[in-house]
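Colleague: One-letter residues, chain by chain:
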Amino acid sequence: MTEKILTNARIIDPSQEMDEKGSVIVDENGKVKAIGKDVKKTDISPSAEIIDLKNNILIPGIVDMKAFVGEPGYEYKENFRTLSHAALAGGVTSIVTMPNTKPLIDNVSMVDFIIRRGRDKASVNLFPSATLTREIEGKQMTEFGLLSAKGVVAFTDVVRAVQSTETMAKIMDYASDIGVLIMQHAEDYELSKNGCINEGEVSTRLGLQGISYISEKIIIERDLCLLNEFPCRYHINQISSKESLEAIRRNKENGLNFTVGVSINNLSLNENDIGDFKTFLKVSPPLRLEDDRLSLVEGIKSGLIDVIVSDHTPEDEEGKRLPFAQAASGAIGIETLLPLALEMHHNESLSLKKIIETLTINPAKILKINKGTLKKGSDADMCVFDLEAPWIIKADLLKSKSKNTAVEERKVQGKVLMTFLNGELAFKS
Amino acid sequence: MAVKKNTLAIKDQPKHLLGIQNLSIQEAKDILDEAKIFIKLNRSASKKSDILRGKTQINLFFEPSTRTQSSFDLAGKRLGADVMTMNVANSALKKGETLMDTAMTLNAMHPDIIVIRHQDSGAPNLLSQKVNCTVINAGDGWREHPTQALLDALTIINRKGKIEGLKIAICGDILHSRVARSNIYLMNMLGAEVNVVAPKTLMPKSIERLGVKSFTNMKKGLDGCDIVMMLRLQNERMQGSFLPSKREYYEFYGLTSEKLKFADKDALIMHPGPMNRGVEIDTKLADDINVSLVKEQVELGVAVRMACLKMYCKK
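Sequences listed follow chains D and P, in order.
Numbering follows the numbering used here, in which position 124 of the first sequence is assigned residue number 124; successive positions increment by one, without gaps.
Numbering follows the numbering used here, in which position 163 of the second sequence is assigned residue number 163; successive positions increment by one, without gaps.
I should point out that these hints are in silico values taken from the structure, not numbers from a laboratory.
Accuracy of the hints is not assured; some may be wrong.
[Unchecked claim] When the alpha-carbon atoms are kept at most 30 Å apart in a straight line, the in silico DSBU-like pairs for lysine-lysine are as follows: (1) LYS261(P) / LYS200(P); (2) LYS193(D) / LYS200(P); (3) LYS29(P) / LYS15(P); (4) LYS15(P) / LYS278(D).
[Unchecked claim] Computed list of chain P residues with no C-beta within reach of chain D, every gap over 12 Å: (5) GLN26; (6) ILE51; (7) PRO199; (8) VAL298; (9) LYS315.
Note that this is a predicted model, so its numbers are computed, not measured.
Note that the Cβ used here is the ideal one computed from N, Cα and C, for glycine as well.
Hey, can you work out the whole structure from these sequences and the hints?
Modeller: And the structure:
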């Protein structure tokens, strides 16, 4: 490819504390050659391609730490190709794929399959995760060493938490030595049994079994207690309540080292949005009170929460057109992640820098991958968006194979215009 | 032109009875007034009318039921409808058919009314989105049982003359009770003051947001009440994590003539049935015709369901 220069951009790259008008030069290998306000057109060869970004915002490509791709086993919900299209349309260039496929990604040969298949079919950077325990049964840990040697960046049972304290202690002890990243879904099953939404007024009115915030908090408290003994790379996938955040605050103040994520669903919706049994808003962890939502936003602001994920969970109609208790859990979200996150800028609850940070450099650092930054020499994965452009989310126009969005008809502001992968234009609206 | 078409389409939409929550006060009162007429018809020698002649009513019961099902069955028949009852609990579901499939199949047979009982909250709502006939909720999960609340209201009006200004206690397993929820909405709507009484483990979260006072003590909860509604405590809730034992529950929450003294001296007892004698209610008290309205509830249930069928069936 030829060299190219993207000019007239407002570049926001929190990894280098950059928020300035300037340009980016991408070399012929797809790496960032120069970036910032001091870059001039005269710095490049006359044959280079010039792209005028017309004062729109340019950020590092988004790193989504939690997305489900249907392959293998659930190709009818999503595949590498459709997920890639959805991701790129949302400015996402790197994805951590979840291992709860069929069969599960819990052994070396499955990781090989994912990497090969992804390389052939996907047009984004894929970072596979593997299950934390075999068969996600929470009993026997997977081959952390062998799997990470194959390229697995994290270990998670996705929608299941290891219930046995003994097993979890062993996992953390072992992981602390090898240095692998553990991503926990915090939920005590006995407490959340048969639950489908937050326990409170809405569950009482709808006559549904509620899930108390305690079920999340108790696993967080347990794991952090273990972490104190076995310091490993520990990340909580998604938290949903004020009380969990308090537990996190207390432990961080005590000097414990760990990271925390939150789903965009829990940041942009609350339990009242479920209305009259809208199954598309059945997600895990459940949507909670507005008060919880506000404290999660506050948690990002104060740095207690490091990452925002899409928790992209494609489900077909069959799985959702059921009575609420039987309906599948989860919503797609990779394409709407950025515009929903930008709502928190537009309503002045978070700075733009903070939002971009939680979507780019923070997840990259946690995963220890060389992404989420546009420092000189890095891969030129970039997202260009118009901060102000208003649009209305319509499921039919989203690129995911499944259409189970939780934010149908939502009016948002902020639209992805272009996405570059290794310097190549991969999406243009 | 387009606007005209639209209004017609809306007019043509069937009405559904999905819950008391969706009802206006006037609608509730209209049903109760209509039901009063049917009480008389049901007590007369010839009980048959032809209001729903030519109409088809399907009773779709995903959960076993004796009294609600037979009550709807009889109500439809007395109005002259062709009534078909399907116990789906042990047929289609086992073959993997979903609620939606069943709904579409039945819809193709052009019924006028589907009466549905389902173990999942919200199932009637889902059904109503998919069929083009009237849907009447005969109980869904823990959410609503609107005709039960309406028959309870009719029973109270029949004995006390009114509901406005009365104090009503609902006691027992509130958490798992659709009867409790529908009654809370309806009694509140009709101007009664509602207390709920239950052990903490059987009390739903934020129940007071529904407009009731909650108590864990029968003495306080029954204080000055004109009506004491007892709820059924299902066997499986008696052991395990909800309650220590049947004996302890009866001791603190079982209605006995001693506990009834906490209520108003003219207080009356109701129970949606089936009763667990010696668990939530003393057996003698349950049969005491001076205070127990249980039989009347069953009788008026048919009248209320006739009123609902008549008023909700598309003309």
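Colleague: If a hint holds in the structure, say so; if it does not, say that too.
Modeller: Outcome of the hint check:
1. LYS261(P) / LYS200(P): Holds - the C-alpha atoms of LYS200(P) and LYS261(P) are around 23 Å apart, at most 30 Å.
2. LYS193(D) / LYS200(P): holds (18 Å)
3. LYS29(P) / LYS15(P): The hint holds at about 17 Å.
4. LYS15(P) / LYS278(D): holds (21 Å)
5. GLN26: Nearest chain D Cβ is 22 Å from GLN26(P), so the label holds.
6. ILE51: Holds: least Cβ distance 31 Å, greater than 12 Å.
7. PRO199: The assertion about PRO199(P) holds, with a minimum of 16 Å to chain D.
8. VAL298: holds (24 Å)
9. LYS315: holds (27 Å)
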